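Those sequence lines, one after another, are chains P and Z. Under the numbering used here, the first residue of the first sequence is numbered 1, with each subsequent residue one higher. Under the numbering used here, the first residue of the second sequence is numbered 1, with each subsequent residue one higher.
Since the hints were made in silico from the structure, they are not lab data. Treat the hints with care, since some could be wrong.
No copy is singled out in the list; a pair is fine if it fits within one copy or between any two copies.
Straight-line C-alpha distance at most 30 Å; calculated DSSO-like pairs for lysine-lysine [claimed, not checked]:
| no. | residue 1 | residue 2 |
| --- | --- | --- |
| 1 | LYS70 | LYS58 |
| 2 | LYS138 | LYS331 |
| 3 | LYS368 | LYS153 |
| 4 | LYS123 | LYS138 |
| 5 | LYS387 | LYS368 |
| 6 | LYS41 | LYS129 |
| 7 | LYS348 | LYS242 |
| 8 | LYS95 | LYS207 |
| 9 | LYS71 | LYS202 |
| 10 | LYS248 | LYS338 |
| 11 | LYS248 | LYS135 |
| 12 | LYS95 | LYS58 |
| 13 | LYS135 | LYS287 |
These numbers come from a predicted model, not from an experiment.
There are 2 protein chains.
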Amino acid sequence: MNKDVTIVGAGLVGTLVSIYLAKKGYNVTIYERRNDMRKVKMSAGKSINLALSDRGWKGLQGVGIADEIKKIAIPMYGRYIHNKDGSNAYQPYGKDEQAIYSVSRAEINMKLMDLAEQQPNVKIHFDYKCNSVNKHTKEVVFENTNSLQVITKNYDLLFGSDGAFSASRLSMQLSNDRFEYNQHYIDCGYKELIIPPGPNGKFLLEKNALHIWPRGSFMMIALPNPDGNFTCTLFMPFEGEKSFAQLKTKEDVKQFFNNEFSDAVPLMPTLIEDFFTNPTSSLVTVKCFPWTFDDSIALIGDAAHAIVPFYGQGMNCGFEDCVVLNELVEKHQHQWPKILNEYQNLRKPDGDAIADLAIANFIEMRDKTADPKFLLQKKIEGNFSQKHPDKWIPLYSMVTYSPQIRYSQALQSGNKQQQIMDKIMQIPNIENIWDSNEVEQEILNSL
Amino acid sequence: MNKDVTIVGAGLVGTLVSIYLAKKGYNVTIYERRNDMRKVKMSAGKSINLALSDRGWKGLQGVGIADEIKKIAIPMYGRYIHNKDGSNAYQPYGKDEQAIYSVSRAEINMKLMDLAEQQPNVKIHFDYKCNSVNKHTKEVVFENTNSLQVITKNYDLLFGSDGAFSASRLSMQLSNDRFEYNQHYIDCGYKELIIPPGPNGKFLLEKNALHIWPRGSFMMIALPNPDGNFTCTLFMPFEGEKSFAQLKTKEDVKQFFNNEFSDAVPLMPTLIEDFFTNPTSSLVTVKCFPWTFDDSIALIGDAAHAIVPFYGQGMNCGFEDCVVLNELVEKHQHQWPKILNEYQNLRKPDGDAIADLAIANFIEMRDKTADPKFLLQKKIEGNFSQKHPDKWIPLYSMVTYSPQIRYSQALQSGNKQQQIMDKIMQIPNIENIWDSNEVEQEILNSL
Numbered sequence: 001m002n003k004d005v006t007i008v009g010a011g012l013v014g015t016l017v018s019i020y021l022a023k024k025g026y027n028v029t030i031y032e033r034r035n036d037m038r039k040v041k042m043s044a045g046k047s048i049n050l051a052l053s054d055r056g057w058k059g060l061q062g063v064g065i066a067d068e069i070k071k072i073a074i075p076m077y078g079r080y081i082h083n084k085d086g087s088n089a090y091q092p093y094g095k096d097e098q099a100i101y102s103v104s105r106a107e108i109n110m111k112l113m114d115l116a117e118q119q120p121n122v123k124i125h126f127d128y129k130c131n132s133v134n135k136h137t138k139e140v141v142f143e144n145t146n147s148l149q150v151i152t153k154n155y156d157l158l159f160g161s162d163g164a165f166s167a168s169r170l171s172m173q174l175s176n177d178r179f180e181y182n183q184h185y186i187d188c189g190y191k192e193l194i195i196p197p198g199p200n201g202k203f204l205l206e207k208n209a210l211h212i213w214p215r216g217s218f219m220m221i222a223l224p225n226p227d228g229n230f231t232c233t234l235f236m237p238f239e240g241e242k243s244f245a246q247l248k249t250k251e252d253v254k255q256f257f258n259n260e261f262s263d264a265v266p267l268m269p270t271l272i273e274d275f276f277t278n279p280t281s282s283l284v285t286v287k288c289f290p291w292t293f294d295d296s297i298a299l300i301g302d303a304a305h306a307i308v309p310f311y312g313q314g315m316n317c318g319f320e321d322c323v324v325l326n327e328l329v330e331k332h333q334h335q336w337p338k339i340l341n342e343y344q345n346l347r348k349p350d351g352d353a354i355a356d357l358a359i360a361n362f363i364e365m366r367d368k369t370a371d372p373k374f375l376l377q378k379k380i381e382g383n384f385s386q387k388h389p390d391k392w393i394p395l396y397s398m399v400t401y402s403p404q405i406r407y408s409q410a411l412q413s414g415n416k417q418q419q420i421m422d423k424i425m426q427i428p429n430i431e432n433i434w435d436s437n438e439v440e441q442e443i444l445n446s447l
Numbered sequence: 001m002n003k004d005v006t007i008v009g010a011g012l013v014g015t016l017v018s019i020y021l022a023k024k025g026y027n028v029t030i031y032e033r034r035n036d037m038r039k040v041k042m043s044a045g046k047s048i049n050l051a052l053s054d055r056g057w058k059g060l061q062g063v064g065i066a067d068e069i070k071k072i073a074i075p076m077y078g079r080y081i082h083n084k085d086g087s088n089a090y091q092p093y094g095k096d097e098q099a100i101y102s103v104s105r106a107e108i109n110m111k112l113m114d115l116a117e118q119q120p121n122v123k124i125h126f127d128y129k130c131n132s133v134n135k136h137t138k139e140v141v142f143e144n145t146n147s148l149q150v151i152t153k154n155y156d157l158l159f160g161s162d163g164a165f166s167a168s169r170l171s172m173q174l175s176n177d178r179f180e181y182n183q184h185y186i187d188c189g190y191k192e193l194i195i196p197p198g199p200n201g202k203f204l205l206e207k208n209a210l211h212i213w214p215r216g217s218f219m220m221i222a223l224p225n226p227d228g229n230f231t232c233t234l235f236m237p238f239e240g241e242k243s244f245a246q247l248k249t250k251e252d253v254k255q256f257f258n259n260e261f262s263d264a265v266p267l268m269p270t271l272i273e274d275f276f277t278n279p280t281s282s283l284v285t286v287k288c289f290p291w292t293f294d295d296s297i298a299l300i301g302d303a304a305h306a307i308v309p310f311y312g313q314g315m316n317c318g319f320e321d322c323v324v325l326n327e328l329v330e331k332h333q334h335q336w337p338k339i340l341n342e343y344q345n346l347r348k349p350d351g352d353a354i355a356d357l358a359i360a361n362f363i364e365m366r367d368k369t370a371d372p373k374f375l376l377q378k379k380i381e382g383n384f385s386q387k388h389p390d391k392w393i394p395l396y397s398m399v400t401y402s403p404q405i406r407y408s409q410a411l412q413s414g415n416k417q418q419q420i421m422d423k424i425m426q427i428p429n430i431e432n433i434w435d436s437n438e439v440e441q442e443i444l445n446s447l
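Isolated chain P, as found in the complex (with noise of 0.2 Å):
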């Protein structure tokens, strides 16, 4: 105990575990690079959202601020599909009380950074950057962004909560022998839109649903927010037929979008003003290990393990990172060579499977909730499932509403989910007899 802990970045993970540790009575100051995000009005159109889900509540209600969190954050109970033709179909997430929770990123890092500075113990410094990392003497060196002061900070104990692209993670890669680390981009970018409230503040399609205009190799996604506006996210390949790279002119992308989201064009008046001033981004995955060095160092959320965004578990496997953290605090009685060994080799299974979980979902969201075949097999699991709910949960449940559930066995549940469902594919006639108690008995026998 009596310990003083650093943590770089006051992004999402790192202000939470900073309410964690000050419960558990550390002196907790936080380094951000940015600026105070709560002093300077964010420019509309970046303002990405997020969807939080059990694991993420799990996280927030572990230091009693879920009520706080969930003002500022609106259910959407299923998946409202915009097909091309203009027909629509909605696909409920999950029995009847079950959402996901759409949320600002900078409106809940405002909050998490206000609720972390109401604890006494926690400070936050903004415009630090961090430049390195040294583990031998157990110095942070941060640098003044305004200032350009560099400082050195001794620390007992550093949490490299500093997101995908980490300066603390860099440190490491560049300082310890036999550092595993890969990142990886997927060949598909995004750009943030936007469908503005309608008169009164009016949601100018279904409130509480996440929005999808699925298109095979590209899709549009729409999450609401809270003054009535929704944040639109088209992701598209970079390269190819159908990709940014071919949307160069107005006309380009006011026919482009004619032709493919013809329902949503009427409802975005600034949308070739936006696509041209908002920039195209990518999007990465990055596995690394070891995430704890020498007793004292752990990276944590993002930086630890950055995922695409399509399973919509970054924010939610972050958080529960904190949970699992505090946990051990707790079992090894804030022993920390202990606590550090069981966080990495309890949370790197369940980093990898999101991962790769969040990379098949992307392939599912775009290139199959507009196929037949596809939302057939879900209403035959979801059918099933209803019925033996002790003997099946699919696999969105798993990630999304069971904690209980490690992300690493769910993906081994859908993994032996899906094997089971090609067969069950396969049966002839199964348009007709899908809920019928041969097709039941057969996944039975199965299981």
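Given the structure of chain P, go ahead and fit chain Z onto it with the hints provided.
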């Protein structure tokens, strides 16, 4: 033309590519992080040996320096297997005259530096460490490791040939969106040891062979040097039952070597001292993409594709990079955007292939060279290949003696051959009918 070429690193590939470019009329300046090894005596036990084979020779021949290098190389015509029970076996590498050549890394590097400096338009600066590369301003920053003075150099063309832990590549990793990067360490490390010459420089093992002591999870190898000694390398897991972690005391080492390498121990008078003096080093595979940037930067050699040493192809692959680059300079008549683009598109799949082959050969050398079934398979392949040299070139020969076959083609053919041999080895009583017409026909049918 009229371009100034800057090369980062005066290792094997940096020096060779400098000669190629000088002969094409470019002004080349090399910056090397280390001091000039020709002026400082290398300490014994650190002179790692390399196996030069046909791709490497082709690279040297291309600038007319193969004969110079042959003077410091010793041909090895096969593997000399030392079994645990004291028995031996000899496996020729290929046809009669086919050999790979043992060279000391330091010796060949020093010779290549001499040959590079014989070009009027090549200059090598030692003790200059690359700090960063700025592709936008076309500037590279070097720091003198003695004076700590920092210089900024403009380049027209920059080659990063600074090895597996390349600083120039790191600059690209940090400044390029969508840079694919993977570094992976095998769980096995290595330690250099030595078998000194006998009286009058006598070779105490068969001179013209690569010696292997295969032991399943670990192995030792020995390569000859011109002065009569053998450079030995122990490859072994870092952790586990038989591992570096288990060899803590002099007694541990003595007992382990007496048990495992009893025929070598009498030839290794400084074994215990060397074991504790020499470091245990790790083995990394690096894959990345792109290899070229902004039509003016190229990674080459280990900086682009560091591989494990088990196919003896690291240097050979790097030299082949130079050959391909040189061909493209001619083909595209010094138009570097075209040269660099085709260079990376051609070489990336070959770099990936030899990386994977090297990992596979690690398993083969360690686990299988003592396995009767594996030896029988090699005998069948050799037999068939001799009868039908147009239909079957063994994988090892494709990689080692067939520079006209790309690594990626060799890998593909090798996989196909393995599938065929898997079936052949299932034939009942194959031990006795391995050279029968039936087996020959079976292979012919499978092709």
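* Asked: Failing hints, ascending?
  -> 3
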